[in-house]
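Number of protein chains: 2
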Amino acid sequence: MDTPHHIEDGEPVRPGTVYLVGAGPGDPELMTLRGARLLGEAEVVVYDALVHQALLRLAHPEADMVFMGKRAGCVSPSQPEINERLIELARSGRTVVRLKGGDPFVFGRGGEEVLALSHAGIPCVVIPGITAGVAVPASLGIPVTHRGTAGSVAFVTGHPGKGRPDPVDWQKIATAVDTLVIYMGMTRLHDITAALLDGGRSSETPAAVISQGTTGDQRHVIATLGTLVEAVEQGTIPTPALVIVGEVVTVREEFTTLATAALPTGVLG
Amino acid sequence: MDTPHHIEDGEPVRPGTVYLVGAGPGDPELMTLRGARLLGEAEVVVYDALVHQALLRLAHPEADMVFMGKRAGCVSPSQPEINERLIELARSGRTVVRLKGGDPFVFGRGGEEVLALSHAGIPCVVIPGITAGVAVPASLGIPVTHRGTAGSVAFVTGHPGKGRPDPVDWQKIATAVDTLVIYMGMTRLHDITAALLDGGRSSETPAAVISQGTTGDQRHVIATLGTLVEAVEQGTIPTPALVIVGEVVTVREEFTTLATAALPTGVLG
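Protein sequence lines correspond, in order, to chains A and B. Residue numbers for the first sequence follow the numbering used here, so the first one is -11 and each next one is one higher. Residue numbers for the second sequence follow the numbering used here, so the first one is -11 and each next one is one higher.
There's no promise every hint is true.
Because identical chains cannot be distinguished in the list, a pair is counted as satisfied if it fits within a single copy or across any two copies.
Unchecked claim - Below 20 Å or equal to it, Euclidean Cα-Cα: the simulated SDA-like pairs (lysine to any residue) are:
1. Lys150 - Gly136
2. Lys150 - Arg82
3. Lys160 - Ala247
4. Lys150 - Val63
5. Lys150 - Leu128
6. Lys150 - Arg25
7. Lys160 - Ile210
8. Lys160 - Glu31
9. Lys160 - Gly136
10. Lys150 - Thr203
11. Lys150 - Thr137
Keep in mind that the hints were calculated from the coordinates and are not lab data.
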């Protein structure tokens, strides 16, 4: 299809490209080389609340920095509002980096942004990021797969979205995969763990909750599927947090020389 | 535990740290900033056949480059041989980067290397990489999750390892998750697709095979679960290849302005 042109002050402006860049799991040094390069080249950077401040310093000094996230006490912009803003910025002819926590296509709503940009005729590119479901367990020494322990891992949303049916059959998935990683599952943790137990997953299955993973503020709780809700209630576990269920949670006990504290972030520090 | 010391020429040598670094899915610019930094600082780099040559140029000019992979016509080193080599190199007191395709903990056998290093008392650190299961579908415009289409994605091994039982219950997983991403599944593709159909997954489910994803040599086949084996036989699809099953495969048809060709690799090109 032809790239549409937008008329502004009588002159046709070719729309800029929108790069949807995954910022990774939290630790700024876990962004990709390409993400960092594009960030330095962009004319506009649209970022949300999950993006580390150190990454914003990689942007070009003259780039417009547009915050589209939730600030304390304020309502966060809706997805249609974000889509409209991206379209409007691209139509001004500028190159836009849309910086998103994690990976754009793993519960990042990147697909919705690509759809909106496609309908508006705006060229776009997706740059993957490391998703929290892999890196956050790893930061605690938990391998989501491990030969002899886990031959499968599922990433599942615990938050279907307002007014939408739950897309996950928790009872069915309970014993279908070895490792379960649940994103945005904290508000429904009681119902989710109950459904997994109903589905036949043993209450003795090791389980963990990790909050603000890969950052200096990382906190975690280790328990079992049967005791996780109680353990979380006793701790102070701010969101965002990831829930991990599976035998891999205990493999970390054998990783005696593996450093698991957040690493210094080198040049980004 | 105390860091053990190794006696060499009468002098105690403190073992170096082994950094297990995920090199990402193929495209060298999809490595992390930390991975690139550590690669430039390492005294020894141990790499395998899946690592892009452009990444090796990021190593320090004086670093020892140790290839531990499969070359045409030769037997690849066994996992115990690789573990032994890492231990031996670290015991010489040098800093070692063990560069692995994808992510060390997603079917990368990183857990086995960490275990061996732990038993030997060698300090180690894992640096996540972008796993093929996320980035390779994305490179073709396939989001592994997509609101309204897929609320879950499972990464599954199609290759249990010689003499090991298959850890995956294919009939059970068939309908338990929305998106299935199968690593190393090509040699058993017929059996795997048959088991998924037996498990109740519709033969009309969209499916794809993507080979050498995110590189300039990427190839793919799009079919359905029922026709995938035949479609693969008609094409020429070299390994390594990834199998994707799920409705998300057709979402890409709506992503009309998304660029999906391999991107130029910037400074690494």
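Status of each hint after checking the structure:
1. Taking the shortest Cα distances, Lys150 and Gly136 sit within 20 Å of each other only across copies (12 Å), while inside one copy they are farther apart (39 Å).
2. Neither within a single protomer nor between protomers do Lys150 and Arg82 lie at most 20 Å apart by alpha-carbon distance, with minima of 33 Å and 54 Å respectively.
3. Within a single copy, Lys160 and Ala247 get their C-alpha atoms no closer than 36 Å, and across copies no closer than 36 Å, so neither meets the 20 Å cut-off.
4. Taking the closest pair of Cα atoms, Lys150 and Val63 come within 20 Å of each other only inside a single copy of the chain (15 Å); across copies the shortest separation is 54 Å, beyond that limit.
5. In this assembly of identical chains, Lys150 and Leu128 lie within 20 Å of each other by CA distance neither inside one copy nor across copies; the values are 32 Å within and 30 Å between.
6. Taking the shortest alpha-carbon separations for Lys150 and Arg25, neither the intra-copy value of 36 Å nor the inter-copy value of 42 Å comes in at or below 20 Å.
7. In this assembly of identical chains, the alpha carbons of Lys160 and Ile210 never lie at most 20 Å apart, being 24 Å within a copy and 28 Å across copies at closest.
8. When the C-alpha separation of Lys160 and Glu31 is checked against a cutoff of 20 Å, the pair qualifies neither within a copy, at 47 Å, nor between copies, at 49 Å.
9. For a Cα distance limit of 20 Å, the shortest separation of Lys160 from Gly136 across copies, 19 Å, qualifies, whereas the shortest one inside one copy, 23 Å, does not.
10. For the homomeric pair Lys150 and Thr203, neither the shortest alpha-carbon distance inside one copy (29 Å) nor that between copies (39 Å) is at most 20 Å.
11. Proximity of Lys150 and Thr137 under a CA criterion of 20 Å is satisfied inter-copy only: 16 Å between copies versus 36 Å inside one chain copy.
When the structure is compared with the earlier hints, violations turn up for hints 2, 3, 5, 6, 7, 8, 10 and for no others.
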